[in-house]
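Asks: Note that this note's numbering numbers the sequence shown so that position 136 is 136, with each residue one more than the last.
What the hints contain is simulated information worked out from the structure, not anything from laboratory work.
The list that follows gives simulated cross-link-like pairs (lysine-lysine, BS3-like), each with its CA atoms no further than 25 Å apart:
hint : residue 1 : residue 2
1    : 305       : 351
2    : 70        : 11
3    : 419       : 37
4    : 37        : 109
5    : 109       : 415
6    : 49        : 87
7    : 87        : 415
8    : 37        : 305
9    : 98        : 87
10   : 305       : 11
11   : 164       : 109
12   : 164       : 184
13   : 98        : 70
14   : 70        : 351
15   : 98        : 415
16   : 37        : 164
17   : 144       : 286
18   : 37        : 98
19   : 286       : 184
20   : 70        : 37
21   : 351       : 11
22   : 98        : 11
23   : 37        : 351
24   : 184       : 37
25   : 70        : 49
26   : 144       : 164
27   : 164       : 286
28   : 8         : 305
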Amino acid sequence: MSSLVANKYRKGTGTNISFPTLPNLTVQPRRIDLFQKQYAHDVLMLEYKADSSLWTDNLHTGVPVQFIWKQDTFVKNWIGYVSSISKAVSPDRLNTMKVLCVSGSFPLKERATRVFLETTIPEAVRTIAAEYGFTFIGENNDQKFSQLTIAGSSYWDWIQEQAKRIGYGVLIDGMNFMFRPLDKLIDQGFSSTAVLSLGNASIPFNTQYLDRTLDQFIVMSGDNVEDTTEFRAVKNVGGVDPVSAAEYLSSESPDTVGTNIREDVSSVLFSEYRTDRVINDAVSAKSASAGAAQMARFNLPAAVKCQGDPRIRPFGTVYISGTGNVTDGFWVVRESHHMFHQVGDYIMELKIATDGLGDTSETPFRTRPDTNIGTVNLDEALKNNGVPSLFFDLGSVVLSSRQAVVKQGAQGFTKTPTKWRAVGA
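When you get a sec, could you build the whole thing from the sequences and use the hints?
Replies: Structural data, given as structure tokens:
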């Protein structure tokens with residue numbers, strides 16, 4: 001765990017944007033925005049002071065991009081592909097150019113029609129991930145399907161749909177493809193949780209060398225908050241066997257599945273009957289109700305403005321301090337917006353959630369970050385086979401091209417496809 005420090009240097013972050021196959025493009029952007037959200041592609045927006053024909057002639061959809069930022073001893077790497085480039089043309093004194101990039105999951109936007117036979121959902125996802133050069137990190141699921149069909153949707157959309165179906169989370173870090181139950185995906189980040197502390201709230205930010213790490217915390221409290229997530233209710237799922245006409249019923253509650261973050265979890269006031277799936281056996285009914293309950297666990301939302309921290313990402317956790325006894329503790333990140341400016345500023349806006357108020361429900365790997373001495377989940381380390389779950393190593397990925405690049409402008413998905421791949425994939 002990191003130490004419980006109320007303040008740190010707000011302008012101590014260095015950034016670097018590079019295009020590995022276009023070494024001549026070295027100008028750094030004036031602003032960088034990285035948008036990350038659960039069950040969505042990472043989106044990187046680069047804003048430059050002026051446009052140039054060198055950029056518009058050579059940057060095409062599919063050109064690899066690499067983003068590195070450093071803060072103190074933390075170094076974070078992000079890789080992806082250029083999606084589009086836009087520029088403003090006007091008599092204004094300053095015309096800007098914006099480059100929109102998408103993470104390494106970009107190739108999974110491809111649409112397909114295919115069938116997986118006698119398989120589980122994680123096994124099918126593992127097959128797709130391997131085909132696109134990812135290192136797969138995940139656990140299998142008990143339910144096996146006679147067939148799983150992709151009918152014209154993109155691989156990415158289909159994977160997200162299937163993940164929510166069984167209560168799994170999806171996290172792409174470099175070319176590490178993590179497809180894990182929510183608890184396991186959340187637990188793997190506790191040993192490097194970022195501390196966001198209000199510190200001395202009376203001191204305006206940017207007035208001293210060290211600023212507080214938490215600038216604003218807004219919580220919406222209630223036993224039945226109707227937020228944008230799944231409705232927090234007891235999930236009832238039923239179906240009928242088409243041959244024997246036997247009825248199958250299963251019921252799960254969000255406060256009884258998984259490991260609670262808080263000791264006093266939000267009450268479940270209502271029941272919900274789900275009819276969006278065909279259920280024809282008891283295993284399917286149980287899996288459907290449990291998956292729906294998992295997705296409805298974290299419905300107590302909060303919004304945060306804070307100093308930037310490379311460790312913060314969706315499905316990870318932050319430790320909130322200085323806001324009061326009922327809200328201080330661990331929160332799960334839903335969305336993170338990293339904002340970098342050329343002068344070294346690094347700030348963030350977050351959407352976070354938890355399952356209740358009061359004290360954090362501590363386990364051996366969910367201990368309060370009160371010291372510099374952290375814990376390492378050895379089970380997780382062994383299960384990941386040495387693949388870093390939070391900070392992937394650039395040495396673990398490689399760029400592969402179907403043909404030699406003889407002209408810088410002849411690059412991109414429709415020209416000379418150059419793809420990020422995990423080493424050995």
